[in-house]
Amino acid sequence: MSKPARIVTGDGRTHIASNLMRESLVDRRVVKKTDSDQEFAIMPDVTLVGLGGHSIFDRGKEALLPLAAELADVMTKHKMVIGVGGGTRVRHTISIALDLGLPTGGIAQLVGAMEEANAVFLNALLAKHGSIVMQREHFWELPLYLTSGMLPIVISTPPYHFWEPPPEDGPLPTHGSDFGLFIHAEVLGMQRIIFVKDEDGLYTRDPKKHADAKLIRRTTLAALLADMPEETIVDRQLFTAWRTARHIREVQIVNGLERGQLARALAGEDVGTVIVKEARDA
Amino acid sequence: MLKSVPPAPHEAPARRVIESTLAGTPLTSGAYETQFTYDPVALMPDVKVLKMGGQSIMDRGRAALFPILDELVAAKDKHKLLLCCGGGTRARHIYAVASELELPTGLLAALGGYVPRQNARMLQMLLANHGGLFMLHDDFEKLPLYFRLGCIPIMTGMPPFGYWEKPTEGGRIPAHRTDAGVFLSAEVLGAKRAIFIKDEDGLFTDDPKKNPSATHIPKIGARELLQRDLGDLVLERIVIEYLQRARFCHELQIVNGMKRGQVTAALEGEDVGSIIYKDT
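As they're listed, the protein sequences go chains A and B.
Read in order, the letters of the first sequence are residues 4 to 285 in the working numbering.
Read in order, the letters of the second sequence are residues 10 to 289 in the working numbering.
It is worth saying that the hints were derived from the structure and are not from the lab.
Positions of the beta carbon are idealized from the N, C-alpha and C atoms, including for glycine.
Just so you know, nobody snuck in bad clues.
Sample of chain A residues at the chain B side, in silico, Cβ under 10 Å:
1. Lys35
2. Ala66
3. Leu67
4. Val93
5. Val190
6. Thr243
7. Ala244
8. Trp245
Covered stretches of chain A (chain B as the covering partner; in silico rule of three or more C-beta atoms under 8 Å from a C-beta of chain B):
9. 37-44
10. 97-109
List of simulated lysine to any residue pairs, SDA-like, C-alpha gap at most 20 Å:
11. B:Lys201 - A:Gly104
12. B:Lys219 - A:Asn22
13. B:Lys228 - B:Asp241
Can you build the whole structure from these sequences, using the hints too?
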């Protein structure tokens with residue numbers, strides 16, 4: 004790669020010389036050549052914060068306004084990016100779409116709009132403090148927003164849309180907003196992501212249905228993958244993707260209905276549930 | 010002035026929920042199918058989704074490409090053609106540069122997407138006179154219009170995942186590239202078959218460019234193909250995995266665009282080239 008690019012012909016095809024020239028990108032040995040223990044971190048000192056749709060937004064003013072006040076305060080102290088979930092309107096969309104028999108990709112195409120509505124709601128509440136809704140993949144505007152002290156609100160549903168892969172079981176799209184935010188943080192080389200929900204963290208079972216559910220205070224990704232709760236408070240795809248991720252070291256789940264939990268988490272305290280990925284664990 | 014009311018957890022503000030079969034569910038468990046009947050609709054099952062190979066066809070230039078375009082033009086009034094494009098050597102160059110810089114997979118996927126888009130634009134220029142129309146992912150819902158007008162819509166084969174592509178295990182080349190996008194386009198349209206135009210007769214027991222004694226495999230199940238655990242495959246590995254759980258697109262056909270008439274035969278539903286099918 005240190006030599007200047009060169010054009011190679013002779014087999015009927017025209018090639019540009021590179022260490023992947025003529026190679027099958029499906030060949031495992033070729034893919035392996037592109038691996039490394041290092042990966043350049045694009046924006047390592049930014050934290051991504053995800054606000055639950057069902058858990059926070061659907062609870063309305065009483066849940067949202069205190070959290071907005073907290074965000075207006077913490078945004079002056081931390082470089083952060085906010086994403087939001089869609090909540091009950093997403094569930095209603097999917098339920099109608101399933102009844103109509105829309106294909107999985109068709110359902111995936113629809114749901115993002117409900118989350119965008121929540122992003123606009125949040126932006127309306129925080130605009131006077133300097134929030135801005137970032138367009139779908141305008142990542143390269145983030146340095147401008149962050150160095151000028153603004154709070155970018157990003158689209159959380161990943162743009163898989165009509166091209167949502169066939170799920171392993173059932174017709175529901177699996178690449179939801181938690182997964183989308185995770186990848187967003189990972190591709191930019193962030194180390195932490197904080198999910199703000201309506202429970203104190205991750206439980207062994209759904210605490211809304213089972214009185215004997217136990218809160219998991221601190222765990223590792225490897226331990227969680229080995230013993231995954233049947234219903235989790237964040238998308239399962241997130242944990243699958245985290246396995247092969249290079250940057251995210253910590254996923255924290257905090258209770259947004261308790262004042263100050265988000266601020267404490269941003270300050271580095273172990274509130275809620277902290278899931279860590281040890282170096283090359285899992 | 011925002012009022013800060015600290016509610017105790019036991020008196021959390023109530024959720025306002027729209028009644029539906031999924032109301033109140035976390036959507037993170039896979040076990041929902043038992044709660045309702047799901048009878049999926051095929052959106053446009055008669056569309057022929059085709060991929061023009063990047064390295065195998067586009068990088069060969071005019072000599073390889075023009076005869077294939079002649080076949081497509083001849084077939085376009087009989088079939089609805091959705092033409093998707095592969096990347097090729099420029100995409101490989103981008104992946105190589107980005108790998109050396111140790112940039113993340115999502116960035117490779119976003120940048121790798123530029124090349125098949127260029128190729129799609131080249132095809133549009135060449136087919137403009139016959140109704141060739143360049144389209145973006147966001148134009149997908151306009152396909153019925155394009156077909157009604159007798160056009161040949163042309164788009165990138167890459168799915169729109171871009172920066173949201175998952176990190177690749179043991180490497181950084183994106184797992185979803187143009188084969189995946191073509192398969193997923195066929196799947197969402199409800200098309201039974203996706204057709205991949207390459208410069209070989211399809212699937213062989215070994216790379217026929219390197220091993221002349223490699224023999225042709227006309228038909229093979231996805232499960233059997235994966236069980237062979239070949240180091241290399243004719244299509245992206247993830248497509249063969251997805252094929253096994255597809256609801257509509259149950260066959261991947263690989264044809265040789267260098268042989269006159271193979272593309273036409275494939276459009277007529279003939280089993281030329283190789284077919285990888287979903288095992289039942």
